[in-house]
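Engineer: Spelled out, the chains give:
Number of protein chains: 6
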Amino acid sequence: MPVIRVEMFRRTQEQKRDLARELTEAFVRTCGGNKDAIKILITEVDKTNWASGGVITAEKQN
Amino acid sequence: MPVIRVEMFRRTQEQKRDLARELTEAFVRTCGGNKDAIKILITEVDKTNWASGGVITAEKQN
Amino acid sequence: MPVIRVEMFRRTQEQKRDLARELTEAFVRTCGGNKDAIKILITEVDKTNWASGGVITAEKQN
Amino acid sequence: MPVIRVEMFRRTQEQKRDLARELTEAFVRTCGGNKDAIKILITEVDKTNWASGGVITAEKQN
Amino acid sequence: MPVIRVEMFRRTQEQKRDLARELTEAFVRTCGGNKDAIKILITEVDKTNWASGGVITAEKQN
Amino acid sequence: MPVIRVEMFRRTQEQKRDLARELTEAFVRTCGGNKDAIKILITEVDKTNWASGGVITAEKQN
Numbered sequence: 790m791p792v793i794r795v796e797m798f799r800r801t802q803e804q805k806r807d808l809a810r811e812l813t814e815a816f817v818r819t820c821g822g823n824k825d826a827i828k829i830l831i832t833e834v835d836k837t838n839w840a841s842g843g844v845i846t847a848e849k850q851n
Numbered sequence: 790m791p792v793i794r795v796e797m798f799r800r801t802q803e804q805k806r807d808l809a810r811e812l813t814e815a816f817v818r819t820c821g822g823n824k825d826a827i828k829i830l831i832t833e834v835d836k837t838n839w840a841s842g843g844v845i846t847a848e849k850q851n
Numbered sequence: 790m791p792v793i794r795v796e797m798f799r800r801t802q803e804q805k806r807d808l809a810r811e812l813t814e815a816f817v818r819t820c821g822g823n824k825d826a827i828k829i830l831i832t833e834v835d836k837t838n839w840a841s842g843g844v845i846t847a848e849k850q851n
Numbered sequence: 790m791p792v793i794r795v796e797m798f799r800r801t802q803e804q805k806r807d808l809a810r811e812l813t814e815a816f817v818r819t820c821g822g823n824k825d826a827i828k829i830l831i832t833e834v835d836k837t838n839w840a841s842g843g844v845i846t847a848e849k850q851n
Numbered sequence: 790m791p792v793i794r795v796e797m798f799r800r801t802q803e804q805k806r807d808l809a810r811e812l813t814e815a816f817v818r819t820c821g822g823n824k825d826a827i828k829i830l831i832t833e834v835d836k837t838n839w840a841s842g843g844v845i846t847a848e849k850q851n
Numbered sequence: 790m791p792v793i794r795v796e797m798f799r800r801t802q803e804q805k806r807d808l809a810r811e812l813t814e815a816f817v818r819t820c821g822g823n824k825d826a827i828k829i830l831i832t833e834v835d836k837t838n839w840a841s842g843g844v845i846t847a848e849k850q851n
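Chains as they are written, first to last, in my numbering: chain A, 790 to 851; chain B, 790 to 851; chain C, 790 to 851; chain D, 790 to 851; chain E, 790 to 851; chain F, 790 to 851.
Same shape as in the complex, but just chain A:
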């Protein structure tokens, strides 16, 4: 505890490394606690599996 889960589109491994470090630091800074107890799970979502406004992201035209 705590567990932080991030659902996002694909990122590079370097971005994920930086994200994990900075989310952990943000948690400790604002809520306290032991840094080692903070778990982060990243789920990378395909644009074919995410929709907003009823439209799949991969099929949006803009």
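Copies of the same chain are indistinguishable here, so a pair counts whether it falls within one copy or spans any two.
In silico PhoX-like links for lysine-lysine, alpha-carbon gap of 25 Å or less:
#1 Lys824 with Lys836
#2 Lys849 with Lys836
#3 Lys849 with Lys824
Quick caveat, the hints were computed from the structure, so don't treat them as lab data.
Go by the hints and put chains B, C, D, E and F onto chain A.
Structural biologist: Positioned in the frame of chain A, the structure of chains B, C, D, E and F alone reads:
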């Protein structure tokens, strides 16, 4: 808000497109709110990773 | 399978009843399968526990 | 997208406000994207509903 | 890692204590690993927020 | 209901089969209910997508 997440076995992209559209419409019809605020996340699950009654679906015999 | 989970702000029991029925029908219509196998889990979220743009919803001014 | 969900023990509203702001800033800093698209959902968990090592936290003696 | 989450109707604290212990033991027995690394999160769901077959459980007649 | 979800690193199919059976039995033993109603969803997580203490597991040195 709201976020609707669907965990299901694999479907075609056309089915996912129709599902996202119809779930969104069903939400607006029954609960109101702004269609664009509705987010849908589809997770397709392998039959090797889902069990009911203690038996993995991919290993069921029927 | 499938499991549909909805995270939303509080609604009346009548709205939740209608939502469950219509999401289930939308799933069967677009993806097929057995209506009885469709499970829906509604999570009602306090506005103090949801943020967008870095601001908790309950504290937004508009 | 993205959606960041935090499961943690109870915190004050001020801590949750700071957490939402800082997690959002950490995401933008490391992964880019539009700050307004970042959604955060906080779930506060009772110590009677969380276990590690097979023991419910509320019942741990130390 | 691993994280085991259980969504179920309300149970007594004694049942949750036994459940956490036995799920943890079942994991170690079948998948190995360090017992202390196993985290369990129990979510108790109201029957007004769960549906199957399109009908909210609290409203089912049987 | 209930739904048990397990997030863990990759395991063999035999381990997942045993895990599903034993988690289901553990639930019935401690909380009762109908075995067939118990659903289990396994999510296998890459070590590049899981962090503790702010460090991605795949990048830890030990």
